[in-house]
Amino acid sequence: MKMLSCLLIGLIFGLGIVTGGMANPAKVVNFFDIAGTWDPSLAFVMGGALAVTALGYRFVLRREGPVFGGGFALPTRKDIDVRLLGGSVVFGIGWGIAGFCPGGALPTLGTGRLEVFVFVAAMIAGILLVRVAGRGR
Amino acid sequence: METTFTPFQSLLGGCLIGLAAVMLMALHGRVAGATGILSGLLWPADGTGRAWRGAVVTGMILAPALYAVLTGAMPVVTVTAPSMAVLAFGGVLVGIGVALANGCTSGHGVCGMARLSVRSIVATLTFMVATGVTVYVLRHVLTGGAA
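Protein chains in written order, with our numbering: chain A, 1 to 137; chain B, 1 to 147.
Because the hints were derived from the structure by calculation, they are not lab data.
Treat each hint with caution, since some may be false.
Restraint ranges, calculated between C-beta atoms of paired labels, are given here [stated by the list, open to error]: (1) B:A73 - A:G71: 40 to 48 Å; (2) A:V132 - B:V129: 22 to 30 Å; (3) B:A65 - A:G70: 25 to 33 Å; (4) A:R62 - B:F5: 36 to 44 Å; (5) A:L8 - B:W43: 36 to 44 Å; (6) B:A65 - A:L55: 27 to 35 Å; (7) B:A68 - A:D81: 37 to 45 Å; (8) B:V118 - A:L55: 40 to 48 Å; (9) B:I121 - A:L114: 33 to 41 Å; (10) B:L70 - A:G134: 24 to 32 Å; (11) B:M1 - A:V82: 20 to 28 Å; (12) B:T4 - A:V132: 19 to 27 Å.
Beta carbons: idealized from backbone N, C-alpha and C, even for Gly.
Assemble the whole structure, with the sequences as input and the hints as a guide.
Right, here's the structure in full:
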């Protein structure tokens, strides 16, 4: 039941990604191309996702804990460091170049398009690079 | 290249993403961040972390098929990168960036912002601006507006 619910959650998330247009780099890049072929659609994806999550979290986080137990695993850090800022800049540059973000790319693997597999493999290599570099410190 | 403005469809997609995020928190107490879920799946910090993340990612990957069943067509994927090498370069940057920032559009942009986390708000504003500047440079500076 627990695993089935996770599968369903992934399915709903992925359906939201492909329905909203996040699986389509042309649409994603156009959202940022205000000076060119601007397509504001993605503001509606972000707006809808944020509104539902903010409202839902208000009710959910008031409860004792999650239905399947284990407590709420919420990030607690509040510090703004160079890692957060620098990482976000690098992510943004990559997002602008490729047109895929992680949440946009993972469901799009299901279309079977070779480009998405190349992107995801490269992205995993990037994550691994940071993990390996961090271990060496 | 022009794409069609789809406010209602995109709003529906966003609400589904939000629904998934709320369900994951309500049922399992976890943040619906693609970066965290993928990293935890590949390199689980604890012994139990792999199965549920695997189930979530499997569900994600099945989504285009469900979309095709519901609408009668696979989702449109128009890749803008001029070559596989450029796409892969962008992918490496995305990977490095989200690993350093501990989150991406879903983790920081949706779940973190929904909780009014200062780190997530700062991260989201930063990567949105960086993406916008990158797209501007790629489309209007380097190519002289030709793309």
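- Item | B:L70 versus A:G134 beta-carbon gap, inside 24 to 32 Å or not | violated (42 Å)
- Mind checking the hinted window 33 to 41 Å against the Cβ distance between B:I121 and A:L114? holds (36 Å)
- Item | CB-CB spacing for A:G71 and B:A73 relative to the 40 to 48 Å hint | holds (42 Å)
- 25 to 33 Å as the expected CB spacing between A:G70 and B:A65, which holds or is violated: Taking Cβ atoms as reference, B:A65 and A:G70 lie about 31 Å apart, which means the hint holds.
- When you take the CB atoms of B:T4 and A:V132, is the distance between them in 19 to 27 Å? violated (42 Å)
- Okay, A:L8 versus B:W43 on CB: inside 36 to 44 Å? Check failed, 25 Å falls outside 36 to 44 Å.
- Query: Is it true that A:V132 and B:V129 lie within 22 to 30 Å of each other by Cβ?
  - Reply: holds (29 Å)
- Message: The hint says 36 to 44 Å between A:R62 and B:F5; measuring C-beta to C-beta, is that right?
- Response: Given about 37 Å between the Cβ atoms, the range holds.
- Item | Distance restraint evaluation - B:V118, A:L55, Cβ atoms, bounds 40 to 48 Å | violated (20 Å)
- Item | Outcome of range test on Cβ distance (B:A68, A:D81; 37 to 45 Å) | Holds: the Cβ-Cβ distance is about 43 Å, inside 37 to 45 Å.
- Between B:A65 and A:L55, is the Cβ distance one that fits in 27 to 35 Å? Roughly 30 Å apart at Cβ, these two residues keep to the hinted range, so it holds.
- Query: Quick one: are B:M1 and A:V82 within 20 to 28 Å, going by C-beta?
  - Reply: violated (36 Å)
Hint check: violations occur at hints 5, 8, 10, 11 and 12; the rest are consistent with the structure.
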